[in-house]
Structures are given as structure tokens and as C-alpha cells.
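Got chain A sorted already, so can you dock chain B onto it with the hints?
Listed below are the residues making up each chain.
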Amino acid sequence: MSAPNSDYDPVEVTPLRADEVERMRDAALAAIAAADSVEALKQVKIDHVGDRSPLALANREIGALPPQARKEAGQRVGQARGAVNKALAERTAQVEAAEFDRRLAEEAVDVTVPVDMEPVGARHPLTTIQDHVADIFVAMGWEIAEGPEVEAEWLNFDALNLGPDHPARTMMDTFWVAPAEAAMVLRTHTSPVQARTMLTRKPPIYIACPGRVFRTDEPDATHAPVFHQVEGLAIDEGLSMAHLKGTLDHLATAIYGEGTTTRFRPSYFPFTEPSAEVDLLCYVCRNDPAQVADCPTCRGEGWVEWGGCGVVNPRVLIACGVDPERYSGFAFGMGLDRTITSRYDIADLRDLWDGDIRFTEPFGIGL
Amino acid sequence: MKVPVPWLRELVGLPDSVTTEELAARLTAFDLKLEEIAGGQLSGPLVVGRVLSAVPEPQKNGKTINWCRVDVGPEHNDPATGDVPAGRGIVCGAHNFGPGDLVVVSLPGTFLPSLGFEISARKTYGHVSDGMICSTAELGLPGGDQGGILVLEPGLAEPGDDAIALLGLNDETLDLEVNPDRGYAWSLRGVGRDAALAFGLAFRDPADIAVTDVEGEGYPVVVEDPQACPVFVTRRVTGIDPTRPTPEWMARRLVQAGMRSISLTVDISNYVMLELGQPNHAYDAAKLSGPITVRRARAGERLTTLDDVERELDPADLLICDDEGPVGLAGIMGAAHVEIDDTTTDVVIEAAYFDRSTVARAARRHKLSSEAARRFERGVDPALQARVAQRVAELLVEHGGGRIEPGLTVVGEVGARPAVTLPVDLPRRIAGVPSIDVDVSVAALRGNDCEVQVQGDQLVVTPPSWRFDLNDPYDVVEEVLRVVGYDQVPSVLPQAPGGRGLTRAQELRRRVGYALAGAGLVEVKTFPFAGEEDFDKLGLPADDERRRQVLLENPLSAQEPGLTTTLLTGLLRAAGLNVGRGHDDVALTEMGRVFRIRDDSPHAPIYGVDRRPTDDELAVLDAALPDQPLMAAWTMLGQREKRGWAGPGRDATWADAIAVATRLAEALHVDLAVEAVALAPFHPGRCAAFLLDGEVVGHAGELHPKVLEAYGLPARGVAGEVNLDALIGAAPDLGPRPVFSAYPVAKEDLAFVVDQSVRAGDLQDALAGSGPLVESVRLFDIYAGDQVPTGKKSLAFNVRLRAADHTLTDAEITEARAAAVETASRFGATLR
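Those protein sequences? They're chains A and B, same order as listed.
Just so it is clear: in the first sequence, position 141 is 141 by the UniProt record's numbering, and no numbers are missing.
Just so it is clear: in the second sequence, position 310 is 310 by the UniProt record's numbering, and no numbers are missing.
One chain only, chain A, in its complex shape (with noise of 0.2 angstroms):
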């Protein structure tokens, strides 16, 4: 450092010069425009803006200089510091922002390689579309019933208006668990539900049971001993069979889509009377002269079988305790496993129930 300038002559301090201050602030600015990384960067911090750069030490010079000069300096040095400590903080910024762009880039990855380690799980479509019947007749008001699958005598036949010679019971291909005597079934449909829930509940009852059910058939490729079905039960005064084709267009519009109407076609069945079987608008082929002829889901008919259903017999109100002066009901009832197997084209029923994962897996958790 210089010993204090007391004959006030700033030319005398070469470093403050306004050429040499100028000379120091352009090399300084060259050096940062041409680092072009953060280790050269730091050096040229060390070179340019340090404490022993060429500017700082200027710097110091300027208490040498006589009060009245030293403004001039100041401003003089200051300014070309700032201007090397923005271009600095710019050149940094942009030198960054560019390392970190060929980082990123240098982390790129291919992303079609297989990204499935983890386990995926699905559920069988046979759950999925009894929980989403379920929610249909949910949003309609009405409630979910349950019960046994092995299941006494009584509550699956005779409740049911199907006494013991009754020609329709030897038609049910019964599973009796032994001995007989014990009067138990695996219950051929989901109707003791329906009476179950006569006997403790009192109308007006709306309720819907899905669930699983079993007829001694053996398996095949249209066969199964187990399968499961969908009932619904409604009792209410002044119920007709007018109600009961409302419920069940509703529901097959709700499941099959907008324009699935029925029909009915008389039928019997002991526990209802009026009986009639309900047929579907094929979903596929929609009865269109210009396709029906050729559809292979309905053969040609222009619609499918669905059900079977009718006004409840009053002889079931009687057994279930439900006065049948003042109530009457509708009852329905309708295969799932078909819906499946129908509605994505399953040539064998046997798929549903092997287990082989490629089965459930397209379903995913969801229709």
C-alpha cells in the first residue's frame, strides 16, 4: 500500500487511473466471458474479484488519495467492480444453468424398458358385476340381502310354495347334504334370501340378492354345479306386473346400456303367479333387420334370454308372514355368470372357474 498522497495528484497512483482502472475491468470482463465452466469460474473469481484481484487492490488505493479525489476514484473503481460482479453472477448463472441441462440430459433413461416390477392385482368379474348390480339397485333406494348357502329344506322349497311332490323341484338338480333327513340344501337360487327377509322385515321391502347358488350339474363347457345370480324382491301395496317390467327395463338399461328393453313371456315358476320370463333386446345385433339374421348372440331371435320373474304368489306371503289382502310383490331373478361369458364373448364356462390368472387379470379391479 502507498503512504498517504498529501500533494493531491491522483495521476500519480497509476492503478486509479481512469485507462488503467478501464484496462483492469475489460480483462476482467474477458476472463468471465470466456470461463466456461464453474471450476474456471472460480478462478477467475479468485483472479478477477478477490482479494488480491487488480480492482481490489485499486481499491485500497483510493484512501491514499486526498479527500477531494477520492469520490472521483470511488465511482470510478466501484463501477467497474460492479460491472465485473454482474457479469460475473451472469456468466455463473448461465454457466450453471448449462451444466445442469447436460447433467440432466447425460440422466436420461429409456423409458419403454418394462416398468412392471411390482405385483398387479385384479378381481374376478363375477365380484365385480354383482357389487356393480348391487350399486344399481343401491342408487334405485334399495338394500342388499343375504344369506346361508347351505340352507334349510324349508326355507328353499316349501316357504317357497314348493311342497315336497312338486314336479319343479325335482327340475332344481338339487345338491341335499346328508343325511336327507337333516332336510338341508345347498340352495339351488337366491329366493330364500327373499324369504328370509319376509320373515324379519316388515314392507315395504325393496331388496336385491346377489350371491352364489348350486345345481348338480356337471361341468362343462356350458355347465357349472355352482353359479350365481342376482333376485330382487319388492313388496309394497298396490305392486303390479307393470312395476315389475319398469324394474327391470330400469335395470337393463342400467347394465346393458340406453334402448335395452324386455319382454315377457308367460312362464311358471311356484312362487309367483302371473310367472313370466324376461327377455333382452340383444345388446349385440339391437334386433336390427340388417344384422339380426346373423348375430351370433342371439342366433337370429333379435333377443336373449334373461330371467325369470313374476308377481309373488300370495301362498309365499302367507309362509313369510306378509298379509297378502293388503300387500303385493314383484320377485325376479337372473343368471351373472352368463352376463360374463355373454358379454366378452367366454366359449367355455370352465374359464371362470380354473383359476388360470390370465383369466381375471384383463379385468383388472373393475369392468
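It is worth saying that the hints were derived from the structure and are not from the lab.
Each statement offered as a hint is correct.
These stretches of chain B come out as covered by chain A in the derived footprint (C-beta under 8 angstroms, 3 or more residues):
hint, stretch
1, 21-35
2, 174-182
3, 356-368
4, 431-445
5, 609-618
Glycine is no exception: its CB is placed at the ideal position from the N, C-alpha and C atoms.
Below, chain B without anything else, positioned relative to chain A:
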């Protein structure tokens, strides 16, 4: 019920303009559902031919064929050349015909449904065979294969005549599904009546028969049980010529209706049954001794029925007997020893009305269904017996040259069916069809042959004798609606009162389902049947509770005689199937009920149906049922995380199996305790029991190596099963309240050296309870080896400390840490 269409048309007088399809559609709308229209597929040229010459030509293969020249009429004949007369050359392998015979020839272009293809000219045995001489079987005619070539009666037709029309080969048959309540429709009479109603035609009842020669005894009959046999009619026909054939039209109708043509007498009996719906029987009078008695069987009695099966009779069986013993199982089948044979000239005709249940039970008891039993079970017209006997007798006279013996025995009578009274507006109210007024109802019911009276606001309806299905007011509604048309029912959506949505249990079951799928498990469904073999494969000890199955009377297979007690039987079988199909990594789950016998459970009572059983009675019903809890089971084989570019993957272990259970417990907000147990089918040292308030509710772990081997599964496979009913039953209405602090955490790692016997879970739980500041404790390392003494192991825990309301001071942290160490010392743990 197979209904020959020409027969039905003749009976109803149906206009030709009504097609078979229209007829079937209308019957379907009348509750006689069409299953199938059979026949009508045959197409010509199928013509009558006269064999001009038949030259036998032995062949190298040992057969002899006939090289025939057949005159098929001027329209179809090839012209004469040289000494070969006009006709066609046809090769035929059969020999039951010769020159001059009239035969049926299918010329090229003919389609025979029995063959399934179109006949064409083809080269065979050195000739061009320009058509085919048809056998009875090929034409689908009665007689089957034994008939050989069909040789027509001389003079029946001329060469070139259309054989389709001549033989009725294109007759169609309706196969109708008759519901069990419409017994009357098991006859042409019944179907015809409904067809006439459906088309608005007046019906001429074929049972409108005058019964003659009623004075005197037909054949003596004693009915000991008039409840079971309310009506029994006999009449005799003598002098039948047993050599007379069944008329061709009758045999054809029988075959079209699905029966066989056997002999004239038997065929007439069957024909009348088809026509009028009344089963009847013809006994060889020479083989009967003494009067007929209708009685119940005696203990130890035996009977050989017409199907040549000797049957031990039940005291509830109703029998037709003569002095020698039983000659028939009433309403089901006759005895072999009184059967009509080819020398029978005199017959006793039986036409009876039997109690429906008596016949149904006997048919079930003897596993013997017959055309007769089917009709009696569903109810035949009890007013018909004398007329049926008359009809059979007249046909025997007409076609068998017999003579009706004077006298008719009629034992018993059935009164008119009781009237049904109903409000006049009930049909409209229940059908929901506004257009049904009293006039519509009355007209519809009269169309069904009911007598109807309107008495004020009530309808009094007396059904005809054959309508067993009309007993209750609602039965009458169905008859009205059937005539009005089910297609008239409007669509009205009823408004249910607001429901309560899914029950809590239903919601939670869905939650479990999603949690299982979320655990990477693929849901399957299996049949819940199992047997000893399954339990052996699971390695269950002989006295294991899970071997006590609910057994079935009629299982599909002897290997699976009952219901399963664990979902693992089906699940491991499915796992084996997947492994067998080449899947290395398999993770399956099933939710379903299993069935467990309840000790000393009573038989389920059968209550009456005229009232609701009391609550106590209902409780007895429920007490009889086995336990049938809903379970969830799972199994994992191979890799849990797949090997690949990211790493070697990770095999499923016992820990994954346990984790599924804890995951379900978390989903349901229940606390499951885990205990080590040794239990089949698990590895004895790698099985966890899950406890809920001290009750075991499930197990999981690694499967026993022998179980894996038995199911063909890869080593180290794991599984688990829990009782969902128990878990869901314990689930609180609300999950836990979230409690957490925003103050800083202090993380402490503590490694302890403990005896090998100390259970990490216990120590972790103790540390978690070692002070109010402990937020969580998690085991992060287990070590046993050189760095710790023999018999010891090191357990390292990550302990997180945090206060609810302030930042922890160093002193607090030190104190909490000391408390943790102190707690661990109770397990003999020393800080490492």
C-alpha cells in the same frame, strides 16, 4: 312335448295361411314355449322308383353290391339305350328288395337331414351311381336301421311320384316346453285347445266321444285305496288280429312325437295317450287271473316292470294286482308278465285317474320316469277315463279287427273342481294392465273353458276338470293375462322408499376385496367341494377339525363328497393349474364361504306353509345350519417383485404372506396379534396365527415342503387364510383419529444384543411403549454372527421421538433414550 304339426293342424282346423312359425309364436305367448321346430329340412328330388333289374356283383372287399336299373318316371329317367331300358343306374349295398319292387330314390340334388349332405352322382364300384335307393333310417321313418331298404306296398304309387308328400317326410314337429302346472298340455287335445283359443277358432274336442255298451261289467275291479285311485275304468276288446300292422300314419305320428312303434295294440294305447293326455294300459286278458285289485304294496313284494328291471316295492307304492300279485306299478309302468305279445287277441283296457303325489313319489322312489308317470304327476283330466277306454277300444276294432265286449266297469268319480272367487278388479290390479276390465276377464276365462259368474264385485270362476293350475285368485289372473297378452304390460318404475345403502359389512367386504387386489393378488373362484384326498394333500392330521366336512347326499364325485372347510383346497389346486400352465410367479386370492359342522345340531324342521313360523321355530331352523363363515385366502409362489433390468427381483416369502393379513387388518382398522404356531399345511417353523381378542382368526406362512410337493408347487411357496366375518365383525364404526405433531423429530438408532429366543416383535412393541415421546419404532436390522456372542443376536431399531407441543430438548432426548434402553433391559437386552 313333441307335437306333430299336421296332426295339430288337423285337430284345430288351422288355416293353411298360418305358418308353423306363427303357430309356434302364438303358443309360446300362451305359455307353451317353443324349444325347437324339427323336420321340414328335407328337399327333393325324392321320388318313387320301380326296380327294373338288380344284378349282384361280388367285390374284392367281400361285399356284394347290386347294380340296379330303376324306373324313376319319365321326367327323371335317362332314355333307353340298346337293351338298357329308360331309368337310372344306381349302386345299392342292401339286398332286401328285388326287381318289380317300389322303392324311394333320392336323385342327385336331394338333401336328406339324416345324412346331412346333398346326394350327387358319383363313381363307385366301377359304375356311376346316379342316385340312392333309400332305407327307412335314411328317410327318418319308423323302423330304424333294421328296416333296410324301404319297399312300398305294390300299387301305392307310380314311378316318378313325389315321395316326400307321399310319406309325409317333411312333416314338422313342435317341441314345446310344458311348464309343470300345465299337465293338460301333454296332449294334442290340450295343445290344440290353446292353439284354437290363440287363433280365435272354435275347438272341437277329440274327447267328445259317445261311450257305448255300458251295461254290465267290463272287467271286475276292486279299489282298496280310493284316495290314491279315485277313478278306475276297464273295458274289454276281444278277437284282435295280432298280425295286423299299425297304420302307417299312426306309426308316423308316434315317431314324430318321440315314441317308438311297437305293435298295433301298444301303438293304439300310446296314440290315444298322445291324443287325449290320458295314459292307459292294455293287459293281455289271457294272462290276467281274477279281478283287478288296486292296493298299496306289501312289505317284501317285488315286481318286474316292462323295462325288465326287478323292483323291490315300497309299502307306499300303489299297485294294480290280479289274483297272482302285482301286474303294474300304478300310473308308471306295467309288469312284464302280462305284456301284450304277438299272440294277444283279447285285451283288458285300463284307464284310471291316480293321485298325483302317489305317482310322483313312486316314480322318484324307483327313479323311473315314463310317459305315463309324467302325465299323472302333472294331472290328467279325471273326467276322461271312460271315453279314453272307448277310444282305445274303437281303434282296436277299426285297425285290429277286434270286437268291443259289452260292459264297462267304472269305479269312482271325481267331482267338479272348486270355484275360485276373486275381486273383479284383481286381474287389472295385479297384471297392471289398465285395459283389463270385467268383460275382458270374463271372456278370457270362458275362452279357457272356465265357468264364470259375476256376483257383485266378485268373479266366481269354476275351472274345467283338467285345469289343476287354477286354484287361487292369482292363478286366475295369469289366465286372463295370458289371453290379453304379456306384451300389454306397461313399464312403470316403482318408487322405493329411501334405502340405507350398503350395510357396513357389505362395504367392508368390498374394501377387503380391493385391499387384496391392492396387495397384488389375482382373485379366482373355485368350487367349494373337497374330500379326503384334498385334506391329505394339505397334510392335515387325522383328528384335524378341518377334516369334518358337511357331506352331500349326491356329490358330483366320490373324491369330493362334501363341502370344503378351507379355501386352500381350491386355491392351491388353482395354483397348481397355473404352475402347470407355465406361470412361474403366481399370486392368487379367493373370498368365499367354507362350511363347518356344528356339533349336535338338530335336523332342520319342515314347517307348514299356511302361516309364518314363530321366531322360536325360525331360530331352530338356523341352529340346524352349519357354520359357514366368509373367508379370504391367498397364496404366492415364485417372485413377489420381478427380476429384470432394475435388479434380481425378490421371491415371495412367509413375510409377504403375513403382510397380507396385516394389510387386511389395517384396512379394517382392527388390531391383529401375531403368534408363532405349528399348523398344517404350513412349515412348522414359519407359520403365524392371527389373534383377535385372544381368538385365532387365521394363519399365514410358508407352506410345508410336502404340501408344495403334493400340489406340484415351487419351493418356498406361501399362503394364508383369515376369517373375514370375524375381522369385519371386529371393525370399529370409525377408524382411528389422526394424531400428529408439527414439532421437529429426533431420530435415535438403538442396537441391542439379546438372546436368540427374544422375539423382535415383542421388543419392538415394548420400545414403542417405553415413553410418551416415542412416536414410532421400526426394526431395521437383525444380525447374528461373529460380532455378537454365540446364542445372541443384534436387533437394531430406528426410534423416532417427538413431542406434541414443543421442540425436544437434548435432556428430554437423552431421558427418552435411557427409558428405551431400560425397557429393553427387561428382555435381557444390552446396548450394543
